[in-house]
Amino acid sequence: MSAVLEIDNLHVAIGAANVLRGVSLRVEAGEVRGLVGESGAGKSMVGRTIFGLLPAKAAIRAGQVQFEGRDLLAMPDKERRGLLGRRIALIPQDPMTSLNPVRRIGAQMVALLQLHLGLSKRAALDRAADLLAEVAIRDPARVLQLYPHELSGGMRQRVLIAMAFACDPALVIADEPTTALDVTVQRQVLQLVERMRQRHDAAILFVTHDLGVVAKICRSMTVLHAGRVLEDGPTADVLVKPHHAYTRALLAATPRADRPADALKPVPPALIESLWAEARRLDQLTATRPA
Amino acid sequence: MADLILSGPISAPASRWRSALARGGARLWIGGVLVALLLLIALFAPVIAPHDPAEQDLMSAQLPPAFMRGGEAAFPLGTDSLGRCVLSRLMYSARTAVSVALIASLLAAIIGIALGLVAGAFGGVPDQSVSRLIDVWMAFPPVLLSIVLAAVIGAGLVSVIAAIVVVDWTRFARIIRAETQAQLARDYAAAAHVLGLTRAQALRLEILPNLVPLIVTLLAVEMGIAILVEVILSFVGISVTGDTASWGGMITEGRQIVYQAPWIMALPILAVIISVIGFNLLGDGLRAALDPVQRR
Numbered sequence: 000m001s002a003v004l005e006i007d008n009l010h011v012a013i014g015a016a017n018v019l020r021g022v023s024l025r026v027e028a029g030e031v032r033g034l035v036g037e038s039g040a041g042k043s044m045v046g047r048t049i050f051g052l053l054p055a056k057a058a059i060r061a062g063q064v065q066f067e068g069r070d071l072l073a074m075p076d077k078e079r080r081g082l083l084g085r086r087i088a089l090i091p092q093d094p095m096t097s098l099n100p101v102r103r104i105g106a107q108m109v110a111l112l113q114l115h116l117g118l119s120k121r122a123a124l125d126r127a128a129d130l131l132a133e134v135a136i137r138d139p140a141r142v143l144q145l146y147p148h149e150l151s152g153g154m155r156q157r158v159l160i161a162m163a164f165a166c167d168p169a170l171v172i173a174d175e176p177t178t179a180l181d182v183t184v185q186r187q188v189l190q191l192v193e194r195m196r197q198r199h200d201a202a203i204l205f206v207t208h209d210l211g212v213v214a215k216i217c218r219s220m221t222v223l224h225a226g227r228v229l230e231d232g233p234t235a236d237v238l239v240k241p242h243h244a245y246t247r248a249l250l251a252a253t254p255r256a257d258r259p260a261d262a263l264k265p266v267p268p269a270l271i272e273s274l275w276a277e278a279r280r281l282d283q284l285t286a287t288r289p290a
Numbered sequence: 000m001a002d003l004i005l006s007g008p009i010s011a012p013a014s015r016w017r018s019a020l021a022r023g024g025a026r027l028w029i030g031g032v033l034v035a036l037l038l039l040i041a042l043f044a045p046v047i048a049p050h051d052p053a054e055q056d057l058m059s060a061q062l063p064p065a066f067m068r069g070g071e072a073a074f075p076l077g078t079d080s081l082g083r084c085v086l087s088r089l090m091y092s093a094r095t096a097v098s099v100a101l102i103a104s105l106l107a108a109i110i111g112i113a114l115g116l117v118a119g120a121f122g123g124v125p126d127q128s129v130s131r132l133i134d135v136w137m138a139f140p141p142v143l144l145s146i147v148l149a150a151v152i153g154a155g156l157v158s159v160i161a162a163i164v165v166v167d168w169t170r171f172a173r174i175i176r177a178e179t180q181a182q183l184a185r186d187y188a189a190a191a192h193v194l195g196l197t198r199a200q201a202l203r204l205e206i207l208p209n210l211v212p213l214i215v216t217l218l219a220v221e222m223g224i225a226i227l228v229e230v231i232l233s234f235v236g237i238s239v240t241g242d243t244a245s246w247g248g249m250i251t252e253g254r255q256i257v258y259q260a261p262w263i264m265a266l267p268i269l270a271v272i273i274s275v276i277g278f279n280l281l282g283d284g285l286r287a288a289l290d291p292v293q294r295r
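Those protein sequence lines, which keep their order, are chains A and B. Position 153 of the first sequence, counting from 1, maps to 152 under numbering that gives the first Met the number 0, and the rest follow consecutively. Position 138 of the second sequence, counting from 1, maps to 137 under numbering that gives the first Met the number 0, and the rest follow consecutively.
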């Protein structure tokens, strides 16, 4: 199997804070990989690095991001833009704000299809309607005429999913696509993402803090903590016999109906010490490297 | 896998035009009617004016309006000290005011929007240069700047328009720059980047359409300001020359005989106030009607 995405020893710093300290990650063609971690673990930064959306003060200190064997970080902007939206797509976190409020759904989808597939307006409209039908939207022709504020959150998320898969990408990065939705809609969205993946033969990097979601749809997973990879492997292995104390704590913190709610158990002090030592070592390492 | 539940639009949305008009409220209606009236008068002044605005009739000078004692039906709003029909002069002045307002605000808008977009979208050196230019510009008193400009390129309609454009492009540039930055920080702008759009494409397709409500509102308000500036400049005598009627000029003339014939000065002032209020109400109503935030 070949890797669609291969991140190797990625270091990213924002100002003085090292948000990613040597993240390595592989996404095989057609697989669904979960990227898990609590808030601030750096999981969104991985996606932002791939899309070139890092904040202005951020700097990539070291590492490589290979997409289909090409170095994403080294290629010229123009080449990378050609990949974005076409070969690498994003399902954004918040469907309420990720669509342009003043343009019709149809216009936004057509612009994308024309840009990357060079379709005529007529053909692009037909394709947009087909895509909406694929994500189970009733009466696609009419929805294309509507503005985002005329759709519910779940419908907007469906539109965004349709747009993500519109150009048959090799990799879709789903950045917590279910967090902004309520529980009943979440399940449908997950089903939908999985169905679209099968139909369009894409790999998915599923960024989330919800282990339940990961268990449901991801074949393999990566656990991120404080900018480092703590655990990596098939989902079943990681969830059943986690190597790391942190993963165990994370698992124990998942609320369940059959036992009282419990906060995330603190990581043992010895572990924090070793993490700090490791962080300091890495900081020295990156500090001596020319930026 | 279980079949997905089909999802459709919740309900047919009400007519977009109708709901926008409802949000605009009374301001939109009153402002719209006043502005429409002004535009119609300006456009059809030669047809509806009872007299030639330059026609003098010294025998019937300083006649009061027809509804006052001593007025004549032939001169509904009376005559000035040269016996010219005040109503006709007010109508022809509207022509001057409206053409200045339209041309000057459009030019100021084009320049201001272009510079504001560049400054807001690209940051860095372009932003610094535009922003500092605006700072320096705004340190000058605008009326003084206009008077100096008129002194340099001579009095006349062109210099009035130039003065307004030169002073007021900053109004657009400042607000468009800030709003561009605000829009670029929103998720949909990041989404445009992720879809592979270039910066220019994103500006044209994503950002500019979101600025349209703001631009329309600014334009309406700017037209009110332009009318006011034209009045000020013609009051001090560096706008249109000679026989061409203008509100500012009428106020100057009326000022000298304000004790004998107060209406000659009061009527043009009233016309100015009504038109500026009209444009401001229209701008305010449009802002409410077009605001995408309130569309939810």
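Quick caveat, the hints were computed from the structure, so don't treat them as lab data. Note that this is a predicted model, so its numbers are computed, not measured. Note that CB positions come from ideal geometry on N, CA and C, so glycine has one too. Heads up, some of the hints might be wrong.
To be verified - Part of the chain B face toward chain A, derived, beta carbon under 8 Å:
#1 184
#2 186
#3 195
As the list claims (entries may be wrong) - Interface residues of chain A toward chain B, partial, derived using beta-carbon atoms under 8 Å:
#4 89
#5 114
#6 117
#7 124
#8 128
Interface hint outcome for residue 117 of chain A [beta carbon to chain B under 8 Å]: violated (13 Å)
Measuring from the C-beta of residue 89 of chain A to each C-beta in chain B, is the shortest one below 8 Å? Nearest chain B Cβ about 5 Å off; hint holds.
At a threshold of 8 Å, is the proposed contact between residue 186 of chain B and chain A supported by beta-carbon distances? holds (4 Å)
Any CB of chain B closer than 8 Å to the CB of residue 124 of chain A? violated (16 Å)
Can you verify the interface hint for residue 184 of chain B: is its Cβ closer than 8 Å to any Cβ in chain A? With a closest approach of 11 Å, the residue 184 of chain B hint is violated.
Less than 8 Å between beta-carbons is the criterion; does residue 114 of chain A satisfy it with respect to chain B? holds (6 Å)
With a cut-off of 8 Å, does the beta carbon of residue 128 of chain A approach a beta carbon of chain B closely enough for the hint to hold? At about 14 Å, which exceeds the 8 Å cut-off, the nearest Cβ of chain B leaves the hint on residue 128 of chain A violated.
Take the shortest C-beta to C-beta distance between residue 195 of chain B and chain A; is it under 8 Å? holds (4 Å)
Comparing the model with each earlier hint shows violations of hints 1, 6, 7 and 8; every other hint is respected.
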